[in-house]
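There are 4 protein chains.
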Amino acid sequence: MGKMFKVTTFGSSHGVALGAVVDGCPAGITLSEEDIQKDLDRRRPGTSNITTARGEGDRVKILSGIFEGKTDGTPIAAVVYNKDADSSAYEPLKNKPRPGHGDYTWTVRYGHYDYRGGGRGSGRTTVGHVIGGAVAKKLLALRDMRVVSHVTQVGDIKANQVAMSLIEDYASKNPVHCADQKAATRMEKKILEVKSKGDSIGGIVEALVFNTPAGLGEPVFSKLDADLAQALMGIGAVKGVEIGFGFKLAQSTASATNDEYYLEGKEIKTTTNTSGGIIGGISNGMPIVARIAVKPTPSISMVQKTVDLERREETEIKIEGRHDPCICPRVTVVAEAAVAMVMADHLIRSGFIHPCKI
Amino acid sequence: MGKMFKVTTFGSSHGVALGAVVDGCPAGITLSEEDIQKDLDRRRPGTSNITTARGEGDRVKILSGIFEGKTDGTPIAAVVYNKDADSSAYEPLKNKPRPGHGDYTWTVRYGHYDYRGGGRGSGRTTVGHVIGGAVAKKLLALRDMRVVSHVTQVGDIKANQVAMSLIEDYASKNPVHCADQKAATRMEKKILEVKSKGDSIGGIVEALVFNTPAGLGEPVFSKLDADLAQALMGIGAVKGVEIGFGFKLAQSTASATNDEYYLEGKEIKTTTNTSGGIIGGISNGMPIVARIAVKPTPSISMVQKTVDLERREETEIKIEGRHDPCICPRVTVVAEAAVAMVMADHLIRSGFIHPCKI
Amino acid sequence: MGKMFKVTTFGSSHGVALGAVVDGCPAGITLSEEDIQKDLDRRRPGTSNITTARGEGDRVKILSGIFEGKTDGTPIAAVVYNKDADSSAYEPLKNKPRPGHGDYTWTVRYGHYDYRGGGRGSGRTTVGHVIGGAVAKKLLALRDMRVVSHVTQVGDIKANQVAMSLIEDYASKNPVHCADQKAATRMEKKILEVKSKGDSIGGIVEALVFNTPAGLGEPVFSKLDADLAQALMGIGAVKGVEIGFGFKLAQSTASATNDEYYLEGKEIKTTTNTSGGIIGGISNGMPIVARIAVKPTPSISMVQKTVDLERREETEIKIEGRHDPCICPRVTVVAEAAVAMVMADHLIRSGFIHPCKI
Amino acid sequence: MGKMFKVTTFGSSHGVALGAVVDGCPAGITLSEEDIQKDLDRRRPGTSNITTARGEGDRVKILSGIFEGKTDGTPIAAVVYNKDADSSAYEPLKNKPRPGHGDYTWTVRYGHYDYRGGGRGSGRTTVGHVIGGAVAKKLLALRDMRVVSHVTQVGDIKANQVAMSLIEDYASKNPVHCADQKAATRMEKKILEVKSKGDSIGGIVEALVFNTPAGLGEPVFSKLDADLAQALMGIGAVKGVEIGFGFKLAQSTASATNDEYYLEGKEIKTTTNTSGGIIGGISNGMPIVARIAVKPTPSISMVQKTVDLERREETEIKIEGRHDPCICPRVTVVAEAAVAMVMADHLIRSGFIHPCKI
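Sequence lines, in order, name chains W, D, L and V.
Take the first sequence: its position 159, counted from the start at 1, is 796 in my numbering, and no numbers get skipped.
Take the second sequence: its position 257, counted from the start at 1, is 894 in my numbering, and no numbers get skipped.
Take the third sequence: its position 110, counted from the start at 1, is 747 in my numbering, and no numbers get skipped.
Take the fourth sequence: its position 118, counted from the start at 1, is 755 in my numbering, and no numbers get skipped.
These aren't lab readings, by the way, just hints derived from the structure by calculation.
Careful, some of the hints might be misleading.
Note: identical chains are not told apart, hence a pair may lie in one copy or across any two.
Straight-line alpha carbon distances no greater than 25 Å define the calculated BS3-like cross-link-like pairs of lysine-lysine that follow [stated by the list, open to error]:
{"id": "1", "residue 1": "K942", "residue 2": "K903"}
{"id": "2", "residue 1": "K643", "residue 2": "K994"}
{"id": "3", "residue 1": "K885", "residue 2": "K834"}
{"id": "4", "residue 1": "K827", "residue 2": "K810"}
{"id": "5", "residue 1": "K675", "residue 2": "K810"}
{"id": "6", "residue 1": "K885", "residue 2": "K795"}
{"id": "7", "residue 1": "K795", "residue 2": "K819"}
{"id": "8", "residue 1": "K810", "residue 2": "K720"}
Using the sequences plus the hints, can you model the full thing?
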């Protein structure tokens, strides 16, 4: 992922370790394990009653790329070791692909699949994203840019809009990570209700980038919005991406939604931001706004129909264990990471940050 | 664009020519200029009263990569020459970026912009997409795969669902390219109404791929849906992408939307297709379904506010000329092209088509 | 080829056209067809009695990427049309791969080969290199860098070293493009002698880059010398590449060849330049020196043994037509192009030239 | 490095760990830590009196990509932890770049350098190469391909040619890794002589690939020989690469060196192999032969001139510690690794090995 700021991730839910290698981070940036750890902690389950109760006490370890507390320009490798997990719970699922999971498609592609929690297909691989994102955020900070995310919808409960400057603070105040406190309360209730049935529910997560300079993005095949769409759609469970007004624009006229230009002092701004800060694939200096549709977590404890791949016959499964009734709160930090990596890559590619040293 | 099936495009609205180079197409595939021309003709404006009346009598010319009527494994270059266009009509727009167009962002990025119809930012650059897509479709045909597209929404008029096998035929019967004939009539009326006001309107285009084998796509950073999202969001005017049920999944529970497996003879299928044929970033053998939100064409003849970049003062513009009141009908073939290129690339990358020769 | 300054070439010896697309050239650089034409003219055969008498009156045409005489930041496509060539002369060679040419290996790879002069395997494809190189040189000129090349050996005739500042001027004075005039005379005689026998001879070409800043190149997998080696070895007929003292270092001790540092005013220089300006994969500010081993042109008019691929039996061929008895003089400008493209790419990648605009 | 079989390495001489991530290795290949360890052991110093006496008891640990003893298709991460090294010995070298090392160029590029043994510029980073190469060799083994290497020259002592089938066995019998036993004895003596003076000496290493199928390699910008040249030149201390007869061809005529075709049963072979198994950038089925010029190890204990970067004044240094008087014996396994990675990548890219599963 990325062209100048490149992130490779590795590891699966039940292997030895998960991690990422970040290649192309300029030298001279202060980076500590704590910088990464704080985002990993936000991703971690078990922090409230609406996330899975599995404890993942992930501790990150940086293996390379740091010299005297600063990045040295060489690849930064960081790992999180998996605890020895008991995979016996997964035995009954062997050869029986779980609906909504990649078990079946992986089997076709690789001739096998890791039945222990999805293997590399597991949501746990987003640990790698979060590592890459944490490094990317340090780059963004060099230009005072900041990525913020929050949950704007759970099921049919939609949050009211909150002033952009308040989103981060407000969203941190409730376990749903929704900036509209009233909606948050209703969402939480909804999630617990769904959880009690052994079911799960989807939602929408919004990520914003403040202080983006105008001029980021390439005009045809690597448009900023196209790269954001790729990174965001690449997160497990995401089935839709929209920038700015997104699908609402399908119902609109240009006279109502074209962002007109005006001057604020010497700066050119737009009166509205239906474009979500990106026009013609290039940032225009307004806040970047991206939203993703997150499907309900496919692991549910209800009985589901499937096919036994070995016996080649129809069968049923019931997935035991504790799962997230709504993954949105934990997706927020992953969405931030995906956005941050794309922005960091384009900051270098577009000449805003020197590729070698700060 | 692409990794094994790579497409590079070039050219702008008012330059000498537009074109594409397709690198990585296996040898031995019958390919003629007519194969490309027929898709270019579908993209061409002026074919009905709901598209712009500009005549673009584009004729494609293949420059390389063909030997005795077949691809020879080397890069295929194809060009379309621009007619000598009178760019004087664009003079009044100089230094005054049009709202909703990339004029301003291009200026920031490149230090100038081609005020003559948007230059490389023009929708005309999709000629390159269509060329690449036409070659890609020949590859897909080797495996009996077919890409089909239609307009499913214009403004608030939504088409009813039509049986998948009928979409292509039905959509070809009206200028809107909507498979639901009744909705098509209403859409056409709506577009003409908007056109009469000098305004424009958005809509939704859906692209489907039939006969996709299971097992296409890479699991983490180059998921099939992520690459589709990138390619589709990369089309000008597209502000949203969804796969399968997309944003509808945000409102759903897993028990209602998990695609359960069953056997159809020896084949594994899913009872529903909320996932749009892609699970865990890999195709599952069901039809691929992708939808894009297309914003209203930003060129409208109403007066709009903007800023004079040279004088640094607020001003107004009125864009003369004939423009598409709804670009959706013409976007269909471009969406097909984007999807076809991604599928062709993954067919090679996933080992379904030999990278060198058929 | 290239990562930020990317060049794609296309076309073959007997197709419609040859050309290149340069993607990633910053906006604002003055570029005309004449800039490219002058290097194409240096590549052209028929300029003396020691090159092939075939007339290739190549005229380049720029199709895109230029706005008002300057690069506009978008892909620059340029083509050279092939004359309608009579390929009947090649008929006797059908199915009989010429020794030393890629005919056989291409057949294996692509299931066929273009028997008409090697098709894409022809030396004529270096037209694309020269186009890319000419654009790259314009970038280098922004930093006063210059690429120079000359022939240093033909057969066993080795040129004496000439002061670096004189190479370009001296080498332009004789058809061999050798800076040592006396050696040039002997080389010319040698080439004519070989030519009279219907044979051909190899040689060595050296390319130098002056005014390279220190700090160019990535340290592990994209070292400056590694990328130069790839680009130079990628030229047809090249079978060896060395940087600085190259193979001579295999016979040396470190005490005799380590380049020691000293100060020239405020600048750090090395007393010797055995490293050819590159240490640890990164330029050190001294002139870049690269040499390539060019094999004798494989097309000779002597009878040679081969295998009839269709009949699967051993046979003989005699290649008619006029061929270069020594390709080195014509390789010089191609070597310059390869070197220039790599340097341009790294100038952008290492932050010396802004990726978008000058 | 690589396009389908991609290797990223990380780590430096005095950081926490070194390692590699191999992305794109098909599923189903048996791979153990022992497979990697045995090549790491061959790279390790301290195995004879002609290599450095530093003990690097490197043990590799695989972190991901293996499921039930086989590759699972996902990225394989493997690490080697560095011992806590005492870097105080390097203190006197601070700010005084060692001639022949990358210290100075790294400082320019990254604004600092890791004075402790060269950091990422250290030869120790080839641990990553060896890991990648060991995985690549497993892929090559699927097609019975084998990479072999040996030292053919040390200083002016040249080994006599040995039958190809004997090279591996013979070279393993002496610490120089030279297949000509008599030459090996003289080489060893030479190395010890140089060592006693605190100096070092260069040499030539040859790598061969047996059983390569014809048809590997892309014809223009990713020729097999070009990619080999890049990979081999990318090894520290390598300053020249030649394929087949290499620089000898510069002195030859085509009539003497064109490889003519003949039939061996049904197979097409060449009577000679001056091309080193690659014609037109594509393998022809004959053994691949590549040779590299290895410069004398720049770390010597003699006094050398340099510049103090901080005080900006000329000074001298004397490098203490134990260093390789000739690095060639240890480079052999690294050259094998570089070659193996390129071959593995092209095996997948050219369709000889399925990209997903075996």
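Verification of the hints:
no.: 1; hint: K942 <-> K903; verdict: between (62 Å within a copy, 16 Å between copies)
no.: 2; hint: K643 <-> K994; verdict: both (16 Å within a copy, 23 Å between copies)
no.: 3; hint: K885 <-> K834; verdict: between (33 Å within a copy, 21 Å between copies)
no.: 4; hint: K827 <-> K810; verdict: within (18 Å within a copy, 46 Å between copies)
no.: 5; hint: K675 <-> K810; verdict: within (16 Å within a copy, 54 Å between copies)
no.: 6; hint: K885 <-> K795; verdict: both (15 Å within a copy, 13 Å between copies)
no.: 7; hint: K795 <-> K819; verdict: within (10 Å within a copy, 33 Å between copies)
no.: 8; hint: K810 <-> K720; verdict: neither (30 Å within a copy, 44 Å between copies)
Violated hint for the displayed structure: number 8, the only one.
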